[in-house]
Structure formats: C-alpha cells, structure tokens
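Keeping their order, the protein sequence lines are chains F and Z. Counting from 1, one number per residue, gives the positions in the first sequence under the working numbering. Counting from 1001, one number per residue, gives the positions in the second sequence under the working numbering.
It is worth saying that the hints were derived from the structure and are not from the lab. Built from N, CA and C at the ideal position, the CB exists for glycine as well. Everything hinted at is true.
Derived, one-sided and incomplete: chain F residues facing chain Z with beta-carbon distance under 10 Å:
1. Ile-208
2. Glu-209
3. Gly-215
4. Ser-217
5. Ser-224
6. Asp-303
Cβ-to-Cβ under 7 Å is the rule here; a few derived chain Z residues that face chain F:
7. Leu-1058
8. Arg-1086
9. Arg-1089
10. Leu-1104
11. Leu-1120
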Amino acid sequence: MNRWIPYIAKRLFYMALTLFIIITATFFLMNFLPGTPFNNQDRLSASQLEMLNKKYGFDQPLFSRYLNYLGNILHGDFGISLQFSDQKITTLLGQRMGPSIQLGLQAVLFGTVVGVFLGMIAAMHQNRGLDVFCSLFAITGRSVPNFVVAVLLQYLFAITLKWLPIGLWDEGFRSTILPTLALSISPMAESCRFIRTEMVEVLSSDYIELARAKGMSEIRIAFSHGLRNALIPLITVLGPMTVSLMTGSLVVENIFAVPGIGEQFTKSILSNDYYTIMAVTILFSALLVTVIFLTDILYQLIDPRVRVEGQA
Amino acid sequence: MIEAILRVNHLSVSFDTYAGTVRAVRDISFDLGPGETLALVGESGCGKSVTCRSVMGLLARNARVEAGEILFQGEDLLKKSNREMRAIRGGKIAMIFQDPMTSLDPTMKIGRQIAEAVTLHRKVSRGEAKRRVLELLQLVGIEEGEKRYHQYPHEFSGGQRQRIVIAIALAADPRILIADEPTTALDVTMQAQILDLMKDIQRKTGTSVIFITHDLGVVANVADRVAVMYAGRIVEIGTADEVFYDPRHPYTWGLLASMPTLATEDEKLYAIPGTPPTLIDPQPGDLFAPRNPYALEADKIAEPPLFPVSGTHFAATWLLDPRAPKIDPPEAIRRRARERGSL
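Let's have the full structure, built from the sequences with the hints guiding it.
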C-alpha cells in the first residue's frame, strides 16, 4: 500500500495546481466580459453606481480583488450571488447540486450498464441481425438530441400512459426516472458503440482463442475474458462523460423542471453574476480533475499492467 | 497395426471470401497413433493450421468443411454438437498456440487461467483445482508455483509464458496435444528448452502430439512421422527417417535442400523458386508444377495421387508412376542419405 502514497501525493499536488490555474484564468477573463452585474445600468446615476461598486468591492484594483477572492476561497467562502438578492453562493449551489448530481450518476450508471450489455451482444453477433440492431440503436442515440427524447418520454409515459410524473422534483425517485432515461441515452449509445468496437477486437485475440481451445462456452468467454479487457478503454471515456452529466444539462433540466445546477450556470453568465460564474466553474473543474484522478486509480485496479510499481 | 486415436479421412475445407472460395484444405487423410508425434510441415498458407483447427472445431465462421470425416476414438468430430465439442476441446484434445506473448489474458492471474482449464473438465473443489495447478506448474518447469500462481502474464518471460500455455493444455490430461508452431515466436535457446519439455511431457503422459511447423530442424527433433503439406494437400507422408533420408517428392527435396546443415559451407542456401499458388479456383494439374524443376507433362493435366513407396511412406508425384522417367534426387538430398549411412 505504501507505494501508493507518493503517487497520490503527486497527483493531488497537480490537481491543486490545475485548479489554481483555472481559477486565475477564469477570474481575469471574466472581468473582460462586456457589461456589469447591474442591469438598467444606464438609468443609475453616477453616485448610485459608485455606491454599488463600493458595496460589492468593484472599486478596488483588479489584482487586489483577485488576492482577496483567493483568500476567501481558501476559507470556503465563495462570495454572494449578485442576481439572487445577495444569497450566499455556497447555499445557493448547495441546494441545486443535489438533483443534478443524482440525475447525472443515475444516467451514467443506467446508460453504461445497458450500453455495455448491448455492445457485448452486438460484438458476439458481429455483422448479423442483432449487431445491426444494436448499431442502429447506438447511431440513433448519438444523433437524436436528448431534449427530443425527453419530450417523447414525457408524451409516452406521462401523458399517454400516465405512469410517471411529467416533471417537477416532488415525488422522490419517481420524479427522477424520466429525466434519467432522457439523459442516459447518450452514455448508453456511446458505451454501446465503444464496447462493440473493443469487444470485436478482444474476441479475435489469441487469448480468447485459447479460452475457446480450453472448451469454454462463448458466453463465459465474453464475460470472464472479454468484458474485462474491453472495459479498460471505456473507463477513460466514462470519466469526463460522468462529469458533464453530473453538472447538469440545461435543456433536460428545464424540460422536466428539475431544480438543478445547469440552469443556474447559464443564468449567471447572462447576468454577469461574477461570483456564481466563478463558483460553478470551480465546481465543474474540481469535479473533472477528481474524476480523472479516480479514473486513473480505477485503471490501475483493473489493468495489472499499469499498476504503480514500487520504485526500486 | 495399433488402433489410431485420430483418423482424418478425405478432409476438405474451404473459406468463403469476397475474392472467391479459397480451397484451403483439399482431400487430406492421415492418422495418429497413441503416444505418437506427427509433424505437419509446410510453408505458410499450406493448410496445416486449418487442418488442426478443423480437428479442434475452431474454424473461422466463413469456413466450410466440404467433405471428409475426423474420427477421434472412432467418433466423427464433425458430427458433434457445439456442447459435445466443448467437452472434447481442452478435455480430450488440447492446443498450444504460436505466440505466447498474446495467448494469455493480460488481466487475469495465471493461476486462475490454468485453474479454469482444470475446472472446465473436472468436477473438483477450489482447493483441489489449485493443487492441480501447482502440480502442472511444476510439471512444466515453473518454480515457486505458490508465488507465481498469483502473478499476471506480463510478469513472465516469453519462454515461461509458453510453459504456462502448455500447462493449460495439459490441465485435463488430453489424449491429443496439437502444437501450432509452439516455438516459432521464441528465440533459439528457448526453442530447445520448450522442445525438450514437450518431449519430456509426452514421455510422462503418453499423449499423442500433432506438431505443426515450417521448421524442418524442429521436426527432426520431435517427430515420429512427418506429413509434408503443399497448397492444401499432403504431398508426402512417412516416418521421420523416410521423409528425411529417402524423400520422394520434389517439394520435400526443395524443403530439405533449403535447410542448412553442418555440412553446408559458404555456398548460398537453396530456395524453392516462385511462390505458393492462390487457392481460389486452383488451376488443373499439380499445383506444385510451376515451381517444380522436375515437372512432367502429366503434372499439367492431373493432380498425382499418393503413390506408396513403402507400407508407411507415400508421396504424391507422377515421378513415382511406373511410366515416369527415372530421376535421381538432387545432390544435396543424396549427400544427406549418404551422411546418415556413415553415422
């Protein structure tokens, strides 16, 4: 276990460095955005504007504001939202992160499991009926936007069959089913396509031939030798996909009236809500670097060839 | 004669490809006695691997067995169901592959890979399976089995991996071991070790072996009998002595002449001219004729049958027809026979 410690320490250091660079770059870039956080600015008098600037600290030089901001972040203070009557950003995002992350994880989990299964079936029936069916499904899933799927799902399950709520976030798990399904189409199609390609290659490799020569059945071969080897490259794609789903999909969240984070982000950019933009960006980046880090660890657990070696 | 354990009768196998039907194996017959080692020799693409894959029931999906039967202990393997073949594969007939670097699952501990082969064919407990694996590791000469059991393929050298592949093949005490160029991917010292190991194992277990190779040097070491294949046919078959020291087919002459011996001095090594024919719509007549300096008119018209030379030795060349002109084998072949006489 000791061999992991220097590796993890090194990785954590680089993660912190990455975040620092992202924070710095976003902070300065954001200040070049046209406009200010105050709407109706034209109608404000000079003294009113000066008062507002002073209240939010915009009268200080950019660089000292940057240092200030860094200091606050280290204390877990992400500032206040400029658009929602001075609410603290940590509380604001805290309320909205939950639904997005839950939907994202559910969608990735469901989508990947089904996608991997379909991809396996496709690979085992290469160039035959089932393969064509799975590939068609994958192509459709990749090309149809998820909001179209969302509306279709609503029509079918909420309006026609009346099985599930059409939207909102008030029936617990039942409310999450349709948005999860809509969001899961893309990871499902992606992993189906991916696993099929990998699996076709793995199934034609020598060690699979050896497994056949042992007298193993095709199904057992696919699960015990095929899947593990085909899954390894999927992990790489899966990480970033998970993050992008966890951080919320603006359109799907809107369609199902889910109080998620996706909507928040777009609104904050449109209204120059500096501190919310910063906070959401930091959140996204932190999630991404963490997931990439976890992916690498997972890689090493699954593939013995890339395990960290004790440095001799 | 002792009852053969495997008898292949008039086997023909074709592959359907976009370019046409490839007649990869054409009317092959041979048998394999208990404890015997038969070498299948020939250039790449001559059908030796396809023959063995037919025996294992491991042909590619676009392959078609056109005719023939493969009798294993009197039963035709070609008539067996998938399930029945699975019990035979690895259980009664096992196979060793060419490239040990790619034949093991890189993500599974080798102990489990060998144990799989044990438990597929025997109802044993985990503990018993592991004991059997350790026994097999010892048999194939891998030391510290207890520790090695938990290691992955990348922690072994090429030679060791081939030993593991052999251990997998031996897991269920097969009656027949098919070795598809097991030493080709190894360096020369490793080759010798693996060949010794295989001979040793065969002595201990009495398994019959089909040894596929393109290396006559290897054949001389291991084989009791030799079948020389060319363009999907067996062109000469006989005991190792007969094929090495009294070869009758011009293709066998060419193969032997292109093999360096201790007597070979600085002269240029002989190479058979031309390339093997395509097996899509093969031309009529003997397919070796275009490369054969001894080709007769008859070769262009019809494929020669296997003429008997002795009770165990057959060759498919019109030169053995009583009407054919008397032709002496090339000097290199006669020298080989003389040298043997003086040994």
